[in-house]
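> Generate the whole structure from the sequences, applying the supplied hints.
From first to last, the protein sequence lines are chains A and B.
For the first sequence, my numbering gives the first residue as 37, with consecutive numbering after it.
For the second sequence, my numbering gives the first residue as 128, with consecutive numbering after it.
Treat each hint with caution, since some may be false.
To be verified - What follows is a list of derived Cβ distance ranges for each label pair:
#	chain 1	residue 1	chain 2	residue 2	range
1	A	His121	B	Asn192	40 to 48 Å
2	A	Pro141	B	Ser155	33 to 41 Å
3	B	Ile220	A	His43	29 to 37 Å
4	A	His43	B	Cys167	41 to 49 Å
5	A	Asp63	B	Ala147	16 to 24 Å
6	B	Arg203	A	Glu99	42 to 50 Å
7	B	Ala144	A	Asp63	14 to 22 Å
Simulated from the structure, these hints should not be mistaken for lab results.
Since the structure is predicted, the reported quantities are computational estimates derived from the model, not experimental observations.
Glycine included, each C-beta is placed from N, C-alpha and C at the ideal position.
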Amino acid sequence: GAVVSQHPSRVICKSGTSVKIECRSLDFQATTMFWYRQFPKQSLMLMATSNEGSKATYEQGVEKDKFLINHASLTLSTLTVTSAHPEDSSFYICSARLEAQFFGPGTRLTVL
Amino acid sequence: RKEVEQDPGPFNVPEGATVAFNCTYSNSASQSFFWYRQDCRKEPKLLMSVYSSGNEDGRFTAQLNRASQYISLLIRDSKLSDSATYLCVVRVIGGSQGNLIFGKGTKLSVKP
Numbered sequence: 037g038a039v040v041s042q043h044p045s046r047v048i049c050k051s052g053t054s055v056k057i058e059c060r061s062l063d064f065q066a067t068t069m070f071w072y073r074q075f076p077k078q079s080l081m082l083m084a085t086s087n088e089g090s091k092a093t094y095e096q097g098v099e100k101d102k103f104l105i106n107h108a109s110l111t112l113s114t115l116t117v118t119s120a121h122p123e124d125s126s127f128y129i130c131s132a133r134l135e136a137q138f139f140g141p142g143t144r145l146t147v148l
Numbered sequence: 128r129k130e131v132e133q134d135p136g137p138f139n140v141p142e143g144a145t146v147a148f149n150c151t152y153s154n155s156a157s158q159s160f161f162w163y164r165q166d167c168r169k170e171p172k173l174l175m176s177v178y179s180s181g182n183e184d185g186r187f188t189a190q191l192n193r194a195s196q197y198i199s200l201l202i203r204d205s206k207l208s209d210s211a212t213y214l215c216v217v218r219v220i221g222g223s224q225g226n227l228i229f230g231k232g233t234k235l236s237v238k239p
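Now the structure itself:
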C-alpha cells in the first residue's frame, strides 16, 4: 500500500519550545494531507487539513497560530507546535489520501 | 449521540474463535466506510473498505447496512496476531476533503 512517513517518531521537549513534525508521502503525490491528534484511549481527532500551495483548513477549536502547518510540496507537510505546553503532549499522526487514507507512523510528543 | 459508536470491549477470545464487531453511525450522509486496526501506540492501518454488497478478505468479512446505519466486521479463525483495536471509520459527504470520523475502537485480545 501507499507509504506515508513521519519524523521524528518521538520528541521530548521543555515547555515553551517549538516542535516541528514532518510528514512525507513516499510513493505518491498528495495535494492534501491531514493532521490528527490522539490522546490516550481516545479517538483520532482531525486537527487540520493541509493543502499544497494554500492555507491549511483548521477544525473548530484548533488554534492556527499555535499549530502551524506548511505544505510546501506535493510530498511534504509540516506541523509546528509552537510554545508547547504539557497539555499538548499527545500522539500526532498525519495521513494522505488515495482511495482510503494512509497514516504515517505517528509522532509521540511529550512536553515536560 | 456519538457520530460513530462502537463497543469498546475488550473482547477476549481463544485462538480459532470467530468474533464479530459492530458499529453504528449517526450521519445518514456518510459516504464511505472502513475498518482500520490500530496496535498499541501505533498508527491506524487500513484493514478493509466496507461495501453495501458486503466484502470478504481472507478471514475477514465486512458488512454494511445503510438502512440501519450499521457496519460489522467478522473475524474467523482468530490468530494471536489479530489482537489489536479495531476502528470503525466513516467518511461524510460535505466534510473536509477526505475527512474521516473515527469510532473509539473495539479492543480484541486473542489468547492461546
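> Hint by hint, which ones does this structure get wrong, listed from lowest number up?
4, 5 and 7
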